[in-house]
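Colleague: Protein chains in written order, with this note's numbering: chain D, 68 to 455; chain X, 14 to 545.
Treat the hints with caution; some may be incorrect.
[Claimed, not checked] PhoX-like, lysine-lysine: derived pairs with alpha carbons at most 20 Å apart:
| no. | chain 1 | residue 1 | chain 2 | residue 2 |
| --- | --- | --- | --- | --- |
| 1 | X | K262 | D | K312 |
| 2 | D | K319 | X | K435 |
| 3 | D | K308 | X | K358 |
| 4 | X | K339 | X | K389 |
| 5 | X | K152 | D | K312 |
| 6 | D | K308 | D | K296 |
| 7 | D | K312 | X | K263 |
| 8 | X | K244 | X | K273 |
| 9 | X | K384 | X | K263 |
| 10 | D | K296 | X | K504 |
| 11 | X | K152 | D | K296 |
| 12 | X | K504 | X | K263 |
| 13 | D | K317 | X | K358 |
| 14 | D | K317 | X | K339 |
| 15 | X | K384 | D | K296 |
Everything labelled a hint here was simulated from the structure, so no lab data went into it.
Fair warning: this is a prediction, and the values are worked out from it, not measured in the lab.
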Amino acid sequence: MMKEKKSLMKNPSFQSILTSLICIVLGLLIGYIVLLLINPAGAGEAIKTILINFLSRTSGAAKMKALGNTLAKTAPLLMCALSICFCYKVGLFNIGAPGQYEAGACIGLYAALAWNLNWCLCLILAAVAGGIIGAISGVLKAYRNVNEVISGIMLNWIMLYLTNMVLSTKAVKDPASPYTIKLASGNPNAVIPSAGLNKLFANNTTVTIAIPLAILFAILIWVILSKTKFGYELRATGFNKEAAKYAGMKEKQNIIVTLAIGGALAGIGAAFLFLTGYQEWSTTQTSVPGMGFNGIAATFLGGLHPIGTIFASFFIQSITDGGALINKSVYPSQISDLISSLIIYLCGFVLFFKFAINNWIGRKDKGGPNVNAEPVKDGAAKSEGGEK
Amino acid sequence: MDAPYAIEMVNITKRFPGIIANDNITLQLKKGEIHALLGENGAGKSTLMSVLFGLYQAEEGVIKKDGKEVKINNPNDANDLGIGMVHQHFKLVQCFTVLENIILGVESTKNGILQMDEAKAKVKALSEKYGLQVDPDAKIEDITVGMQQRTEILKMLFRDNEILIFDEPTAVLTPQEIDELMQIMKNLKAEGKSILFITHKLNEIKAVADRVTVLRRGKGIGTVDVASTSKEEMSRMMVGRDVNMVVEKKAAKPGDVILKVENMTVASKLHSNNAVKNVSFEVHEGEIVCIAGIDGNGQTEFVYGLTGMEPLVDGKITLCGEDIIKESIRQRSRNMSHIPEDRHKHGLVLDYPLEYNMILQRYFQQEFTTKAGFLKRPEIRDYSEKLEKEFDVRSGQGPITLARAMSGGNQQKAIIAREVDKEHKLLVAVQPTRGLDVGAIEGVHKNLIAERDNGRAVLLISLELEEVMNVPDRILVMYEGEIVGELDPKKTTVEELGLYMAGAKRNVFIDANTSEIEESESVDTAKGKEEA
Numbered sequence: 068m069m070k071e072k073k074s075l076m077k078n079p080s081f082q083s084i085l086t087s088l089i090c091i092v093l094g095l096l097i098g099y100i101v102l103l104l105i106n107p108a109g110a111g112e113a114i115k116t117i118l119i120n121f122l123s124r125t126s127g128a129a130k131m132k133a134l135g136n137t138l139a140k141t142a143p144l145l146m147c148a149l150s151i152c153f154c155y156k157v158g159l160f161n162i163g164a165p166g167q168y169e170a171g172a173c174i175g176l177y178a179a180l181a182w183n184l185n186w187c188l189c190l191i192l193a194a195v196a197g198g199i200i201g202a203i204s205g206v207l208k209a210y211r212n213v214n215e216v217i218s219g220i221m222l223n224w225i226m227l228y229l230t231n232m233v234l235s236t237k238a239v240k241d242p243a244s245p246y247t248i249k250l251a252s253g254n255p256n257a258v259i260p261s262a263g264l265n266k267l268f269a270n271n272t273t274v275t276i277a278i279p280l281a282i283l284f285a286i287l288i289w290v291i292l293s294k295t296k297f298g299y300e301l302r303a304t305g306f307n308k309e310a311a312k313y314a315g316m317k318e319k320q321n322i323i324v325t326l327a328i329g330g331a332l333a334g335i336g337a338a339f340l341f342l343t344g345y346q347e348w349s350t351t352q353t354s355v356p357g358m359g360f361n362g363i364a365a366t367f368l369g370g371l372h373p374i375g376t377i378f379a380s381f382f383i384q385s386i387t388d389g390g391a392l393i394n395k396s397v398y399p400s401q402i403s404d405l406i407s408s409l410i411i412y413l414c415g416f417v418l419f420f421k422f423a424i425n426n427w428i429g430r431k432d433k434g435g436p437n438v439n440a441e442p443v444k445d446g447a448a449k450s451e452g453g454e455k
Numbered sequence: 014m015d016a017p018y019a020i021e022m023v024n025i026t027k028r029f030p031g032i033i034a035n036d037n038i039t040l041q042l043k044k045g046e047i048h049a050l051l052g053e054n055g056a057g058k059s060t061l062m063s064v065l066f067g068l069y070q071a072e073e074g075v076i077k078k079d080g081k082e083v084k085i086n087n088p089n090d091a092n093d094l095g096i097g098m099v100h101q102h103f104k105l106v107q108c109f110t111v112l113e114n115i116i117l118g119v120e121s122t123k124n125g126i127l128q129m130d131e132a133k134a135k136v137k138a139l140s141e142k143y144g145l146q147v148d149p150d151a152k153i154e155d156i157t158v159g160m161q162q163r164t165e166i167l168k169m170l171f172r173d174n175e176i177l178i179f180d181e182p183t184a185v186l187t188p189q190e191i192d193e194l195m196q197i198m199k200n201l202k203a204e205g206k207s208i209l210f211i212t213h214k215l216n217e218i219k220a221v222a223d224r225v226t227v228l229r230r231g232k233g234i235g236t237v238d239v240a241s242t243s244k245e246e247m248s249r250m251m252v253g254r255d256v257n258m259v260v261e262k263k264a265a266k267p268g269d270v271i272l273k274v275e276n277m278t279v280a281s282k283l284h285s286n287n288a289v290k291n292v293s294f295e296v297h298e299g300e301i302v303c304i305a306g307i308d309g310n311g312q313t314e315f316v317y318g319l320t321g322m323e324p325l326v327d328g329k330i331t332l333c334g335e336d337i338i339k340e341s342i343r344q345r346s347r348n349m350s351h352i353p354e355d356r357h358k359h360g361l362v363l364d365y366p367l368e369y370n371m372i373l374q375r376y377f378q379q380e381f382t383t384k385a386g387f388l389k390r391p392e393i394r395d396y397s398e399k400l401e402k403e404f405d406v407r408s409g410q411g412p413i414t415l416a417r418a419m420s421g422g423n424q425q426k427a428i429i430a431r432e433v434d435k436e437h438k439l440l441v442a443v444q445p446t447r448g449l450d451v452g453a454i455e456g457v458h459k460n461l462i463a464e465r466d467n468g469r470a471v472l473l474i475s476l477e478l479e480e481v482m483n484v485p486d487r488i489l490v491m492y493e494g495e496i497v498g499e500l501d502p503k504k505t506t507v508e509e510l511g512l513y514m515a516g517a518k519r520n521v522f523i524d525a526n527t528s529e530i531e532e533s534e535s536v537d538t539a540k541g542k543e544e545a
């Protein structure tokens with residue numbers, strides 16, 4: 068019995084799920100404490116609302132509609148998470164995902180409104196734009212050894228203002244508001260088709276084929292990473308750049324290609340939001356969109372596994388939306404963001420908990436059977452086993 | 014009653030799940046003796062020393078100091094008991110002086126200001142007493158490896174340690190430096206220090222040790238007097254069977270030139286000078302050529318230049334008649350296999366399973382990848398199993414074992430299997446036996462000779478004297494990036510080899526005008542001297 072329990076604890080997949088759950092529970096707990104401190108009376112109700120999100124709506128149709136909204140925003144979040152996950156597997160931390168996402172939004176919307184292209188072409192252009200921004204970080208990293216985190220963060224800001232500038236032009240901006248023109252009126256052809264999915268969600272028109280497409284992308288990324296020659300090469304580069312070079316892989320090229328693909332994924336993410344008509348780009352925004360950053364949390368919460376990322380993205384989007392439903396007469400309006408960001412923040416601790424669990428197992432049986440084994444470098448190595 | 018033993022480890026048992034690392038081992042170190050601890054890799058030497066240092070707690074058994082039982086819970090306890098250790102890889106601060114390194118952690122201060130003069134006087138006194146020549150004001154990065162080791166020894170003496178542990182101290186030294194170290198150990202013994210000497214080199218045990226305790230697979234095989242035990246007996250105790258001390262091989266039958274290196278110059282990454290200068294030589298099929306030399310004399314850079322990992326500053330490399338200077342690593346690997354110096358840094362992706370490491374040089378070939386770019390998993394599995402069987406690579410779970418979880422010897426076997434099995438004309442083997450035990454070394458040497466007998470050209474880069482003397486058909490000595498000597502292993506001696514390695518002698522000169530290798534007359538004198 069005891070033995071069975073221990074071997075389950077050692078299973079990397081089980082560890083991933085367990086640590087993710089620990090993070091979620093801790094995040095909710097701390098969120099609950101914050102709510103208690105502000106106003107004990109409504110805390111229980113509020114945390115419940117955050118958790119159940121759309122289920123807190125009264126009618127069945129309203130529930131489905133709210134779920135549709137959450138799903139519509141899960142798709143772009145998932146794409147950003149995949150962008151970060153993919154790069155992470157190759158040993159790169161793509162914190163530049165928000166910048167690539169901005170580039171995708173910029174070109175995607177511009178193509179839709181100024182050039183009147185259809186949704187498919189807009190989507191491809193958004194991917195290309197994101198990919199180019201990613202490749203810039205990649206080239207800097209490969210040839211000048213500029214840390215991708217530094218160049219990524221700087222590009223996030225450069226792209227934010229560049230996007231604001233481009234989307235403020237006459238052809239794309241609504242003259243009466245700071246937002247871009249609604250796609251429904253500007254160019255209905257550029258709206259990603261719903262293919263009947265909206266009927267399932269009480270005619271929520273923002274539910275489009277972007278959602279199944281995002282899931283397909285997740286599966287595709289998983290297949291590429293674990294089943295193909297290309298993935299073999301990329302992961303080898305991520306684990307050990309020197310060994311990759313020794314084996315004749317073009318490690319510089321791999322770094323650039325990886326960040327370009329990551330950028331394309333984030334760019335598609337932006338298209339999956341702005342080309343559904345869910346919202347418009349505000350040309351006066353002065354902060355980098357949270358979507359890319361939330362993708363980091365979703366990646367870690369998903370155990371650094373493309374499939375796990377699907378569920379993690381949905382959860383994070385769900386508590387974000389749930390947070391917006393908190394009773395505003397009891398709590399200040401910022402509370403929803405505060406609570407969801409607390410939970411998201413805790414999600415980033417997945418690797419820490421994983422490390423702690425392994426340490427705990429390690430201490431129980433002192434290092435495992437192989438005394439000559441090398442110490443494991445980081446959590447990435449362990450999650451690897453989960454794919455086999 | 015005065016206890017005869019400085020330190021005793023009695024009936025020590027240390028278990029790890031699935032393995033008994035130390036099974037009822039008793040090690041008794043007499044006061045004022047040099048006691049060798051002999052065993053193959055994985056025999057339990059490191060575990061036993063870790064128990065002595067308090068890094069592990071033994072499940073059974075006691076440790077006694079001067080006859081009294083002591084509890085060692087952490088390395089600080091060991092220090093307090095006067096136990097000091099010279100690690101195989103020195104623990105020195107590169108940009109500090111010798112003196113600063115010696116006092117590190119035990120500095121005496123007055124009003125927060127370091128009192129260096131006092132310490133310096135003590136270090137000087139100690140170095141004179143034991144014959145440990147160091148320059149207290151020199152920086153570590155500027156001094157020789159031998160002097161760095163003497164600094165480590167002084168560190169122990171400065172702390173008044175009585176029990177000194179040397180962990181494979183000769184691995185990085187030249188023959189002359191080894192002799193000096195042996196003398197130093199004898200001096201230390203004469204002054205009443207007790208020394209534990211961890212090694213798997215039998216010659217050194219014969220040279221200095223009084224007694225030797227042999228471990229094999231976690232068990233204490235016995236403690237014997239060195240003077241009355243032959244090397245063969247010791248090696249049999251260590252390995253459990255007779256080991257062929259001499260590498261058996263037939264005479265080489267060199268054929269066509271496979272590799273031709275002309276005036277090769279490679280820049281150093283560390284320093285802004287050329288690490289390899291104007292190196293020229295040839296390797297023929299069916300022969301093993303060894304580049305000997307002390308670590309850090311340009312061998313690493315030479316291999317990088319040869320295999321395409323670093324660009325050349327100048328020179329020409331011809332492999333199988335083709336100029337390969339412009340070829341990438343992958344293009345070169347069509348005819349060249351490479352067993353790298355650092356198996357963790359280059360040779361393996363430690364977080365990949367064994368089967369993925371087995372195809373590291375071939376994953377892109379049709380045998381393992383479909384036209385659509387998918388890996389052929391069943392074929393990879395079969396191939397890995399085949400190589401494991403052929404080369405006796407042992408691992409916990411076969412092909413799916415993470416390379417990280419394998420022992421060093423089996424990791425190396427996996428690399429050799431991969432490189433030897435793949436198509437090639439030239440095998441570049443860089444320190445292929447580094448860190449391996451006697452049994453495994455024998456296997457690697459057999460592999461190299463089999464390669465040669467199969468008509469491949471083998472270029473061996475080695476620091477191990479025994480290997481240099483026994484395996485190759487020709488020896489080239491590299492010193493400060495130049496080939497300073499070409500020797501015939503059948504005609505030369507270790508002493509002569511040592512002189513070349515230390516830069517005290519050379520018989521190859523490069524004529525700047527014609528760039529041709531000329532052998533000077535000193536060859537003949539060298540050979541004549543060796544006969545005498």
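Colleague: If a hint holds in the structure, say so; if it doesn't, say that too.
Modeller: Taking the hints in turn, this is what the structure says about them:
At most 20 Å may separate the alpha-carbon atoms for a hinted pair to count; X:K262 and D:K312 exceed this at roughly 35 Å. At most 20 Å may separate the alpha-carbon atoms for a hinted pair to count; D:K319 and X:K435 exceed this at roughly 25 Å. Our distance criterion of 20 Å between C-alpha atoms is met by D:K308 and X:K358, whose separation comes to about 9 Å. For the suggested pair X:K339 and X:K389, the alpha carbons sit about 32 Å apart, so the restraint of at most 20 Å is broken.
For the hint pairing X:K152 with D:K312, the CA-to-CA distance comes to about 34 Å; that exceeds 20 Å, so the pair is violated. Among the hinted pairs, D:K308 with D:K296 is consistent with the structure: their alpha-carbon atoms are about 16 Å apart, no more than 20 Å. In summary, the hint linking D:K312 to X:K263 is not supported, as the alpha carbons are separated by about 37 Å, beyond the 20 Å threshold. Note on X:K244 and X:K273: the hinted pairing is violated, with a Cα-Cα distance of about 41 Å set against a maximum of 20 Å.
Using a Cα cut-off of 20 Å, the hinted pair X:K384 and X:K263 is violated, with the two alpha carbons roughly 45 Å apart. At roughly 51 Å between alpha-carbon atoms, D:K296 and X:K504 are farther apart than 20 Å, so this suggested pair is violated. With a C-alpha separation of about 49 Å, the suggested pair X:K152 and D:K296 falls outside the 20 Å cut-off, and the hint is violated. Straight-line distance between C-alpha atoms of X:K504 and X:K263 comes to about 16 Å, which keeps the hinted pair within the 20 Å bound.
Simply put, D:K317 and X:K358 have alpha-carbon atoms about 17 Å apart, close enough for the 20 Å limit, and the pair holds. Distance check on the hinted pair: D:K317 and X:K339 sit about 15 Å apart at the alpha-carbon level, within 20 Å; holds. For the proposed pair X:K384 and D:K296, the alpha carbon gap of about 10 Å is at most 20 Å, so the pair holds.
In this structure, the earlier hints numbered 1, 2, 4, 5, 7, 8, 9, 10, 11 are contradicted, and the remaining ones agree with it.
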